[in-house]
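Can you join these two chains into the complex? Each is in its own frame, and there are hints to help.
The lines below spell out each chain.
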Amino acid sequence: MRRAVRSGLVLVLACALGSCVQLSWRGSRAGLALADTEQEWALAARPDMQAALDRLGAPELVRESEGRGVELLWLWRRTDGFGFGVSVPLADTYSANFQWDETGDDALGLRLLFDDDGRFLDGSRGAVLRDRP
Amino acid sequence: MRRTALLLLCSLLPGCFVSRAETDRPLDASAFGELVVGTSTSNDAVRLLGAPQDVVELGHGSAWHYRFSKTKRAGLFLIVVGLLNDDTQSDRVWLFFDADGRLTEAAGSFDAAAAEWELP
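So the sequences go chain by chain: A and B. The letter at position 5 of the first sequence is residue 5 when you use the numbering used here, and the numbering goes up by one with no holes. Position in the second sequence (first residue = 1) + 1000 = the numbering used here.
Since the hints were derived computationally from the structure, they do not count as laboratory data. It is possible that some hints are incorrect.
Unchecked claim - Stretch by stretch, here's where chain A covers chain B in the computed footprint (C-beta under 8 Å, at least three residues):
(1) 1075–1083
(2) 1088–1098
What the hints assert, rightly or not - Computed from the model, here is a short list of chain A residues facing chain B with C-beta under 10 Å:
(3) Gln22
(4) Ser24
(5) Gly27
(6) Leu43
(7) Val70
(8) Gly83
(9) Asp92
(10) Ala96
(11) Gln99
The C-beta atom is built at its ideal place from N, Cα and C for all residues, glycine as well.
Just chain B, same shape as in the assembly (with noise of 0.2 Å):
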């Protein structure tokens, strides 16, 4: 009986797997909280959390997006059977900056951590 239960653990153990896979790096929530909206400027921006991944170009000003993105994947393979899940969160960061550089809206999400390695 035990030799069985071993034979099948072998045989189930190389089907599973779990990874993690990052893009960019982790975002810097105190910093992004060290930018006042209507004193901060595009360079405090730069000197905080450093040149951003996209600039939106808007009629009076641009928009700036800084995002770190985590994605935890798990999968089992049972001889016929398959489960794979992935999940995929990010921080972001979203700079509104008018035609002078100063900076008139903000925001923050910092939800990466939030990514899980789960089955369907």
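So that you can see chain A by itself, here it is in the shape it has in the complex (with noise of 0.2 Å):
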């Protein structure tokens, strides 16, 4: 009976202190990531388009690329985080307050350029910076 009491009382603490004190971790991901050996082969082989679409598959995006051609993105995001944060309270209607949070951000993609008869003109890889015109 008393350990039950005991148990119990640990586990109200705890929930009082889980208003005070919060730990997260985040993950997050968006799209497979292509092979670097189908980046490398998409580089250096110079495929048509058609050639590209069946090796690498469909693209994320598609634009036209300001009167040169057609341009071809293959993207992909994954995402970690780690918060830490504590809250508390001074006085009725005052509390102090820190919070910690660090996110990693790894958007990265492939970038292929072809003129209008398909042709390859141009083709990059890497980090992406902003993927929506």
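Structure, rendered in structure tokens:
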């Protein structure tokens, strides 16, 4: 009986602590990454548009590139984060808060540019700063 | 001991969840497979896949975009510790037509089923 009471008290204390201290891990994934070998092939082989689509699959984005031709973008993103927060009530209407957050964001992609006849013009790979026009 | 374990279990259960969200309808891979580059037309695409989600105007034609997205989200909150993860994957089809509406290039990726529930 005494042990059950002690366990209950620990649980209540932990729940109360939960309102003051918070630790969090977050993860997010969008899209599947193209293998390095596939990206290297696309840049080295300079395939025509249909050959690139056959091997790499459907891109995330297609857009016209300033009169040069058609730009295809394969994009994928992985985000991981850790957060820590403490909130200490000081008075009825005041509390002190501390929040620390660290997030790593890997947004990567492959860009291939083709002329209007589907011939390879240019390509690049790496970090993506902005994936939407 | 058993009572404590039960109490602990009851306190943890409300702190976990899994959810799934879908945007638009799943794409039909077999319908996409019926389209033939050089032969099929934009009318065939509408008949097989319906209206596209987006149309991108290009220099000498257009690109039609079909998409279905699936997001799986999982979370676990243990008193002071929270774990949250989401995974979004999609089925995508891009069809490229010339000015006469003939299919010149096509690509389909069907990755929505690869979305997973997992924790960080």
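TODO: Kindly indicate which numbered hints from before are broken by the structure, ordering the numbers from low to high.
DONE: 6, 9, 10 and 11
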